[in-house]
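Chains as they are written, first to last, in the numbering used here: chain P, -13 to 327; chain C, -13 to 327.
Honestly, the hints are just simulated from the structure, not real lab data.
Please note that the accuracy of each hint is not assured.
The list makes no distinction among identical chains, and a pair is therefore deemed to hold if it is satisfied within one copy or across any two copies.
[What the hints assert, rightly or not] Derived SDA-like pairs: lysine to any residue, alpha-carbon spacing no greater than 25 angstroms straight-line:
1. LYS49 / GLY282
2. LYS140 / ALA69
3. LYS140 / ARG14
4. LYS296 / ASP132
5. LYS296 / ALA167
Protein chains: 2
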Amino acid sequence: MMSTESIATSLEGVRRRVKPAIEAELQRYVNAAEEAGLAEMQHMLRFHLGWEGPGAGDKATGKRIRPLLVLLSCEAAGGAWQAALPAAAAVELLHNFSLIHDDIQDNSRTRRGRPTLWAQWGVAQAINAGDALFALAHVALEDLEDAVYPQAAKLLPRVSLELTQGQYLDLAYEDKPDLDASAYWPMVRGKTAVLLSACTRLGALVAGARDAQLSEYAHFGEKLGLAFQVYDDLLGIWGDEALTGKSAHSDLVSGKKSLPVLYALGRSEEFARRWNNGKIAAEEVADLAALLEAAGARQYVEGEARRLTKEALEALERAQPAAEATAALRELAEELVTREA
Amino acid sequence: MMSTESIATSLEGVRRRVKPAIEAELQRYVNAAEEAGLAEMQHMLRFHLGWEGPGAGDKATGKRIRPLLVLLSCEAAGGAWQAALPAAAAVELLHNFSLIHDDIQDNSRTRRGRPTLWAQWGVAQAINAGDALFALAHVALEDLEDAVYPQAAKLLPRVSLELTQGQYLDLAYEDKPDLDASAYWPMVRGKTAVLLSACTRLGALVAGARDAQLSEYAHFGEKLGLAFQVYDDLLGIWGDEALTGKSAHSDLVSGKKSLPVLYALGRSEEFARRWNNGKIAAEEVADLAALLEAAGARQYVEGEARRLTKEALEALERAQPAAEATAALRELAEELVTREA
């Protein structure tokens, strides 16, 4: 029988207790398709999800932030977190579908210190493995209660569509020199915020939240997603790993159209001239970062991260969450915008 | 208001009258995402669906066999075909998602005489456009009646998953020399039959069919899909275009693991030796086809096409379809296994 104990009050306690349930739920869907002829395909999926192959384990699975958001939002809205497990699996499967295709599109050969699927199995099979996780994300929802299934099933494809729209913009921006910060928001909304918004909405939906309360949970997730991405962009340039010495890990070297870059492109001719003059070398990272800072980009981006986090927490407060899960949810929100890597 | 006139009795009459409704329904979903920044992405989708760009028109859209099967099955099961339009759009969008990704995986530069998406816009944006159609297929279902929506929404992701499993096998077979006809059926089941089975099942579902009748419609579509694929393999070697002179259009030249080839690999050492000895040149096509015929491959495959068509029509009969739509449905089934190209 399903236990109905509540998650916990500290985020670390939550993680410890809930992660095994999340992994088990993910495995239930991924392993359901097991057939002799498909063993290698299943292995690809299990490798990508961090369960198999060299380097498998907690570091390879990632933090499962999205499923945690679903489960904590469910408890905060007064539900039993276990009932939200199919939705938690769905959002994580959808996220991982997009990672597999992103890695092909960005020509990335490693992820979390391990080879990406396309680097190991080729582009054709990697596209297909991504498609399989896309399908499994939608399959996972069918174990939700009948009362919430239709709403959840109608939400996920719209999230998926917006993901592809954000990804379209991200790819299209690679060839566009004349961008500024206004180009940033529709891209990260689609790429990050829409899925995090779906996480908090789905959790609350399973708990039985309706209308205004549901909207507040959705707002909480959306603003949190934007804050998360903005903070990620900040770390990509001024984080320890990105700024130390001649860092090849800097977003400046990868050419990412992050918020500091887009902000400065619209304001600093000196920065724009250098940015549009070919790939940035690791040796130039410190100088370019200083140019960005002089253009006010760092201050602007830090301000946006603070503003969005504040708006996220205000939306959560308006949702009137139950006290017990809220502490962990706030802790998770804070973690996303204060982490160091 | 929605017209409730029935489709027609002749397939040609059906096509003429229903195709505009199918295109309009597809456009309704594809165009819904219209936003200024996404114009080029929308253009990619409309180009692929045959509505825009050089060569747009009836030849570029294809025959829309899958939506037709949905609508005719709905009428045959006693429903109004118009109610099944969202399901008809969904299966066609799903089919087109798989075509876009297939073209990347098979390195195909043209489709229906036009460039493929990846050939024109690059692999990264083409993967993403395929993902967008995948999402839209699931979005389309939400306009079905509440009474049938959950069943339809649970069916489509399972079909999608099986599509990826068939595609996995197809790609994996490229590197496997020791295959025979038994390898064929799970591959084409996933790649073709599962989606055609979903077409006939969805049509009947919208019409209110239940249980045994629904199963017979599903069987009809599955057997029809297998027959369609087997006949396609026959045309790929002994069809006019494939066999004439030194044909580069032959499946023998493309190296496709079609049913005649897999049958002969398990039976004719002479054929297997040549097949496993590198790419077949156009000049060798006639000789290789004769080897296949001598190994009994042509007779076997023709027999399988006949058997599967017969089983399809028997399943349709057991479903006790309404007379009016049945004539067109039978005509469509016959067309799929007697066409010349």
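Hint by hint, here is what the structure shows:
1. LYS49 / GLY282: neither (32 angstroms within a copy, 57 angstroms between copies)
2. LYS140 / ALA69: This pair counts as both: shortest intra-copy Cα distance 18 angstroms, inter-copy 18 angstroms.
3. LYS140 / ARG14: both (22 angstroms within a copy, 17 angstroms between copies)
4. LYS296 / ASP132: neither (35 angstroms within a copy, 39 angstroms between copies)
5. LYS296 / ALA167: within (20 angstroms within a copy, 63 angstroms between copies)
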